[in-house]
Amino acid sequence: MQAGFAMLTAGAARSQNKSNIIMLTTVVDAAVCAIFYYFFGFACAYGRPWNGFVGKHNFGGWMNFAQFAEYDDEYPSARPGQGNPWNPLGNHRVWVFEWASAAAVAAIASGAMAERSQVTAHIASSAFLSGFVYPVICHWVWEPHGWLSVYSQGKRVMGVGMLDIAGSGTIHLTGAIAGFWGALILGPRLGFSRSKSGYGGYGGASSRGRGHGRSSTLVVLGTLLLWLGWYGIYPGSILGIVPRHYTAMKGVVNRAAITTTLAGAASAIATFFVRRWLTGSWKVEDACGGLVGGLVAASAGCAVIEPSAGMLLGVIAALVLIAVKRLAKAVGLDDPMEALQRHGACGLVGLLFVGVFATEDYVMQMFGDDELPDETPCGWLYGKRGRKLLAAQAIGAACIVGWTSVAMAPLFLLLRIAGLLRISREEEAARFGDRDSDLVLGDES
Amino acid sequence: MQAGFAMLTAGAARSQNKSNIIMLTTVVDAAVCAIFYYFFGFACAYGRPWNGFVGKHNFGGWMNFAQFAEYDDEYPSARPGQGNPWNPLGNHRVWVFEWASAAAVAAIASGAMAERSQVTAHIASSAFLSGFVYPVICHWVWEPHGWLSVYSQGKRVMGVGMLDIAGSGTIHLTGAIAGFWGALILGPRLGFSRSKSGYGGYGGASSRGRGHGRSSTLVVLGTLLLWLGWYGIYPGSILGIVPRHYTAMKGVVNRAAITTTLAGAASAIATFFVRRWLTGSWKVEDACGGLVGGLVAASAGCAVIEPSAGMLLGVIAALVLIAVKRLAKAVGLDDPMEALQRHGACGLVGLLFVGVFATEDYVMQMFGDDELPDETPCGWLYGKRGRKLLAAQAIGAACIVGWTSVAMAPLFLLLRIAGLLRISREEEAARFGDRDSDLVLGDES
Amino acid sequence: MQAGFAMLTAGAARSQNKSNIIMLTTVVDAAVCAIFYYFFGFACAYGRPWNGFVGKHNFGGWMNFAQFAEYDDEYPSARPGQGNPWNPLGNHRVWVFEWASAAAVAAIASGAMAERSQVTAHIASSAFLSGFVYPVICHWVWEPHGWLSVYSQGKRVMGVGMLDIAGSGTIHLTGAIAGFWGALILGPRLGFSRSKSGYGGYGGASSRGRGHGRSSTLVVLGTLLLWLGWYGIYPGSILGIVPRHYTAMKGVVNRAAITTTLAGAASAIATFFVRRWLTGSWKVEDACGGLVGGLVAASAGCAVIEPSAGMLLGVIAALVLIAVKRLAKAVGLDDPMEALQRHGACGLVGLLFVGVFATEDYVMQMFGDDELPDETPCGWLYGKRGRKLLAAQAIGAACIVGWTSVAMAPLFLLLRIAGLLRISREEEAARFGDRDSDLVLGDES
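Chains as they are written, first to last, in the UniProt record's numbering: chain P, 1 to 445; chain H, 1 to 445; chain G, 1 to 445.
Among the hints, erroneous ones may be present.
[Claimed, not checked] Partial chain G-side listing against chain H, Cβ under 7 Å, derived:
id	residue
1	A34
2	Y38
3	W95
4	V119
5	A330
6	V331
Hint data in this document are derived by calculation from the structure and do not stem from the laboratory.
All residues carry an ideal CB built from backbone N, CA and C; glycine is no exception.
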């Protein structure tokens, strides 16, 4: 299980391999996230007592894990606190998973800022994201007492709460918005211009690739590792945690795996063909980008929508991805890893899609019959009351975007004012022409 | 479990990294396979009712997975349908595994056609293989009512049926034969000639490598990921699925893992040393190729032969591999990934080896005492009636070769006639000299 | 589980990717280890009867695994023989894990000898390490009747025995010492000099990287795969093996995962910042090296120290790592993979740290209340009798260093005398300037 979660990190990190400059951030970011998530993040997300907005206790890892160990089998939980909100070991057990998720958020944000930001900026952004910003969103959505949770007693948003099973919103949208503000405040890379086709459009992969001639290999390797990691996120977590007798859960895991696969595959193929039609050439990067977009979109609802709906979702995500790519190019946003396009836009699509296509049966299988306070949410397609769920999804997405913006934009502005955000023009210029640039990131000659 | 299976795909795909041109196919192929396997393949393989040749129902993923979820623990099954042929969840659960297997077949076939085929040809071949050709073979061998299955009541082939536990025949031989016809009908790559030593012999790795100087790294990375993935195929699947009380199964899994390891290791070492003796130099590609060959050969019988027999098998596979390599070079077959040599010849060796070295005890442990209709199969070495098993293995291998040839050769001929099979001479020539060739595959300038 | 262990091998192998010359050794070494560990190693480590020093029976894999299969669930064991020393299936089950550990030892040693040693030397060293030297140490520490084991009845070293849960000593220290003697007897690579800054200091990565310009990518990829693999070593093994009702173990696994993560992260960050302060530039290799050092140090005590102590351990490991790096540079030891620095020094730190920071509660949870013969060991910090544990750890470390030196140094000397150790000056010189050097390792023109 842990292996699957760590693989997610490895995969996410790997997909950014394309531009060597940010190699550094993948290892250092993950390490920074581990420390900050341990000291602050976990407490903010799942510490007790809580107040619906943020956990207020158990900071610094001072949760007495050991004493609760015996209750483990009696009150297992798929997500921290789910199933049995009072089981701290559920929390404890998935610490590695939660850390991997936090590191994924930081990696998505770092990707958008690649090739022109200082090491300090990466560390500050990762620490703040994993120590505070992301955990607060976790608390809202995944902690049973969070104000957006489907488990919130009585006072759920729109009466149903928000469904985000594997993090289309909490993980991907959060990371993308943070990265968006970072990229915006950093400004584009040297030599980046809107008119220069193929530069803003294809991201660091192709732009750097021209110099190195080996990016395709790494893009595909990164994408495949990431794809592999995806199977660890949701199915892996449930399979390892759900009690044996709760057999329905296994059907849930299977469906989640199938739906995720089909959404990713449909999105990859759609992106591949539509981009062929638009650009006139087959590009493996298009298929890879589309695949990631489809997987992101499928995260929110993987276990509560039909597999065939997953395919539809993949196609929608592909079209949105292509449209947002064009838009970003037109606007001149320089985001080497396409965080906003792949993780932001597709994450949003995934969240809203759940509001339309979630089936009541599947939601019940996923969350249990008797644990949800009152009515079981379902998508609009399956009944008029589904509009409530769609509204809740939209409200949740808006709150994630708003909170992340309010928290991260000032941080990047502060870093910019302090001169800690961007590397010097000389360094950046030198780096692009230099084959050894990937070895040394500092002020060495 | 899913992670292991997906890793197999990643690994298989990765090992083809050497020639960048086919990078594209690994992602797109896997996506195409997911869609086609979902709509057609799964139904052909395990849809009900069936007729021994092909499943006739449950097309388009319209199997009602959810309603059967409760029966999961009561009727688990290692392979789809094994143990309890009527348990659809067994099928459902391993959908991701089955898809990964189908994608592996397509990846093996694509490898043989690398560097000179059109994207269209790859997509058509992958779709047909994963949607129809491979599932039919699955149905024969792994579906309890398939005409080659060991479970077929009363009318088993030669009275025993065919043993192919992890797909030496169903997966590797199928992919290799499909790739063989593709490579034959495509014709060799530009500049490929029989006399030019080191070109036809070592495949795309070294030939492309000359230009790029980095293939060894990727070959080893691909091989190690593939080796890793192998532990997900058989042991992973059984460990995750077999019921707790069925403890003998664990011994089976362990033995399978040991046998697979020893066969691969013996084959790697044998290939490494014999090639050293033949060519005068140590080549890491030889060890990697031999390792893959040994693992392929061990797939058929990993759980039913002695670990020490696995070592013998590895050595035999290595010698056959080297001989077939020479033969392919002499004949002038240009198969960049050596699909026919590694997956075809070694797969065949593995199938026949089971007919000689399978022990009755191990077969009984693997398939259960009371579930096999009448006598338990065993290898020739362990009794005269073992000849029946050997005959069944040979018949099965011949049918797989025949069916794949009959199905795939016309497809490739049709594609050739339609002008969709091979890229233009100009494009191919340009690609070999161009460092950016891996970025753009189409008609871009 | 097997996947995790194999991943460890893949990861360990991968991290050596940086210098292509030793690519070969990763695949061939692992294969050689499989054969020798099967025939000799396993028997030396866990064969019965034993005498505390080395197992004396069950050579050649002639342990009748199958007949014991039924006892599997009744007497499970985390480590071979632990829990129930007489359960051979516990042994059998983890054969793949044990082989992966043996291969890791061989890979660590091979890394130190990279770029200048003959294939023969690698094979001989791997065979001897995996077939005899490492298994003997396993027998001492992990076999319940081994003379260093905490389970030894009555006559435990210092009355407590040695604690080395995941191999800081048995795996990493052993490999590092073997590699140290190999590197010493081989002598430095051509062109290596003490004064040439950046050569001896940063190892093969940066030295070779200058020529290839792509090492950072592979270093990070290797490190991430290795990090991922680490989660397979300890947590994976326990999770998969411990009986369901033994719920406390799960808390143990969780704590081990958290402690390992924090130690690695703290070490990566500390190395990164201290090296920045010392060298004036941010280097991703520093973070990666520090991460590996922290993980190595955490192996010994991952489940018996507090997670916050793990962070302290990480910082100490980082400082020791940097100091030993300087020392090695000053002394002129040419160890391309920094085996002695990362695996040796940090492994030793980890062993001693346990002697100070192990808590009695955690040790009891780990090893069981009623299975330890008399008093439960704990660290010095938690009581004066902890000095005994610290002494036992030091004695254990000294014995590992001594035994490995006594066994391996003569082997390398013999190889040197026989002219089988080092490649010719011409070959080595040619290799460094040649881009194709990674393809051919022998005497080919």
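Okay, the hints, checked on the actual structure:
1. A34: holds, 4 Å
2. Y38: holds, 6 Å
3. W95: Because about 5 Å separates G:W95 from the closest Cβ in chain H, which is inside the 7 Å limit, the hint holds.
4. V119: OK, holds: G:V119 within 7 Å of chain H, min 5 Å.
5. A330: Where the cut-off is 7 Å and the nearest Cβ of chain H is about 32 Å from G:A330, the hint is violated.
6. V331: violated, 31 Å
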